[in-house]
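Visitor: Following the hints, position chain B against chain A.
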Amino acid sequence: MASNMSAAVDIQGLSVTFERGGSSVAALDRLDAVVPEGQVFGLLGPNGAGKTTLMHVLLGFVPPTAGQAAIFGTDVRRAIARQRIGYLPEHPDTYRFLTARELLHTAGRLFGMRGPALRARSDALLERLDLTAAANRPAGTFSRGMLQRVCLAQALINDPDLVILDEPTGGMDPFGRLQIRALITELKARGKTVLLSSHELSEVEMVCDSIAILYKGRVITSGDATTLVPDGESLERFFIRTIEAVDKGTTAPAGKEAPHA
Amino acid sequence: MRKILVIAGIVWMEMWRRKTLHVLGILLAASLLLLFSINVSGLGRIPGYVKETGLLLTWIFGWVMGINIAVRQLPQEEKRGTVYAMLARPIGRGQLLLGKWFGAWIAVSGSVLCFYVLTVLIVGGFGGRFGGVAMFQALTLHGMLLAMITALAIALSARLTQEAASALCYIVTAALFAFVPRIPEFIATAGGWRETAMLVLYTALPHFELFDMRRRVVHQHGPIAWHTWALILLYGAMITAILLIAAWLAFRKRHFSRTAKD
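Chains A and B are the protein sequences, given in the same order.
Following the working numbering, the numbering of the first sequence begins with 1 at its first residue and continues without gaps.
Following the working numbering, the numbering of the second sequence begins with 1001 at its first residue and continues without gaps.
Just so you know, the hints here were simulated from the structure itself, not pulled from any lab data.
Among the hints, erroneous ones may be present.
Claimed, not checked - Straight-line distance between alpha carbons at most 35 Å, and here's what the computed DSBU-like set of lysine-lysine pairs gives:
{"id": "1", "chain 1": "B", "residue 1": "LYS1019", "chain 2": "B", "residue 2": "LYS1003"}
{"id": "2", "chain 1": "A", "residue 1": "LYS216", "chain 2": "A", "residue 2": "LYS248"}
{"id": "3", "chain 1": "B", "residue 1": "LYS1003", "chain 2": "A", "residue 2": "LYS188"}
{"id": "4", "chain 1": "B", "residue 1": "LYS1079", "chain 2": "B", "residue 2": "LYS1003"}
{"id": "5", "chain 1": "B", "residue 1": "LYS1079", "chain 2": "A", "residue 2": "LYS188"}
{"id": "6", "chain 1": "A", "residue 1": "LYS216", "chain 2": "B", "residue 2": "LYS1253"}
{"id": "7", "chain 1": "B", "residue 1": "LYS1079", "chain 2": "A", "residue 2": "LYS216"}
{"id": "8", "chain 1": "B", "residue 1": "LYS1079", "chain 2": "B", "residue 2": "LYS1019"}
Just chain A, with the same shape it has in the complex:
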């Protein structure tokens, strides 16, 4: 496929259709998008817009019906495309019979890591996510917040160049949210690309460089987070206005600059 080598994610004409009760439902409809390397990219949209499906295509969980998607130039249908990805699902859970340290070692080994490098990386992540004291406890004894952090640590074990976060702060307390925001900022400072799906629009405003609004399986608007939204209007208001405009059949409000998608 023609790949954009400076793009972390390159999506061209991507469609996903599911069969439900004998009829076809288009979860993604000829979607085009590019996520540039080193950016925090916010994926917004109402429930059922196709955000999670898009992430699942990028991760190889769902095969595309048509079109192509590549991560750092490698087709997402190849397992090797996931070598540079870290993923935190919307409802993270893990093997509760393993300790936090064992979970990180297991995750690392699946990325081909081993020996002192793996142990050092695990210890650093346990420390970074305040899990050192609980490192040798089975995950089954963890609180929800701790489980979420250990899943995040697993997602970061391979020091990924692209981190995909699906509603990372869902169900988290304010301290947890703060920690996630700090982590995203830290990843960005290290040149990593973050693809973030969230309903917390204030959070998206705070951390994202670019945003795309997905609706009915298509990107209806996208652009730079600081310039896309008109001055004096909140992202939340802009988001609602954009969705309503599409529902009414009028043109979606355009961003101030050329959109990514």
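Guide: Frame of chain A, contents of chain B only:
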């Protein structure tokens, strides 16, 4: 191969920490000790009778464990959501499937080995003896049978729910044990196309009875010829491979999405 072993390691850790083996081991030991300690209808202290019971329990436990452990591997991954984090790593669906099957097979075979050792020790403690070579052959053939059963369970669970796959697996394996050895009787009485159909069925279905050496072991009939033993193992490996390929075909294009069902 290393990634397959990592996935298998998760299965082993789960089984060890959930103490499935411990409970069944204690149950087996308690059953055998009870048989030796009481005299049921004058048979209780005959080692041959207890040997047979010990091996039968080992077979039943192996059968139940093989299905129960293998059949839950893929559906449980999906149910608890760990399949998403697992498949988000650079592993292929085939590797995940092989890791799960290998983990379940080795875990169950290891447990069955422990049960054999336990049976030999308890029976030996009361004066009973097993032929070493025949016992080795029985154990290896039993291991290969478990490879087929776990592969069948994995193949069924690649598409069905855990409950449906489990029920179907019990029915299929029990039917294969009970009816396939009796098909020649039907062939003898059938004629025309029925005879041909029965012959095709007899050839195509897996012959689980080939892997059962319990009677030879219990009645000290000695080992089977090594080339026969090797051929049966090869046959078992072939059936296992066919079942795993079927599992992979069912699993490789499967959609994993909580927002959509395929």
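Visitor: Would you check the hint for A/LYS216 and B/LYS1253, treating anything up to 35 Å between C-alpha atoms as holding?
Guide: The hint holds at about 24 Å.
Visitor: Given the proposed pairing of B/LYS1079 with A/LYS188, does the C-alpha separation stay at or below 35 Å?
Guide: OK: B/LYS1079 and A/LYS188 at ~33 Å, within 35 Å.
Visitor: If you draw a straight line from the CA of B/LYS1079 to the CA of B/LYS1019, is it 35 Å or shorter?
Guide: 21 Å, holds
Visitor: For the pair we were handed, B/LYS1079 and A/LYS216, check the Cα-Cα distance against 35 Å.
Guide: 27 Å, holds
Visitor: Between B/LYS1003 and A/LYS188, is the straight-line Cα distance small enough, at 35 Å or below?
Guide: 30 Å, holds
Visitor: Holds or violated: A/LYS216 with A/LYS248, Cα cutoff 35 Å?
Guide: With a Cα-Cα distance of about 14 Å, the restraint between A/LYS216 and A/LYS248 holds, given a limit of 35 Å.
Visitor: Would you check the hint for B/LYS1019 and B/LYS1003, treating anything up to 35 Å between C-alpha atoms as holding?
Guide: Between B/LYS1019 and B/LYS1003 the Cα gap is close to 25 Å, so the pair holds against 35 Å.
Visitor: Assess, step by step, whether the Cα of B/LYS1079 is no farther than 35 Å from the Cα of B/LYS1003, and give holds or violated.
Guide: The hint holds at about 22 Å.
In this structure, none of the earlier numbered hints is contradicted; all agree with it.
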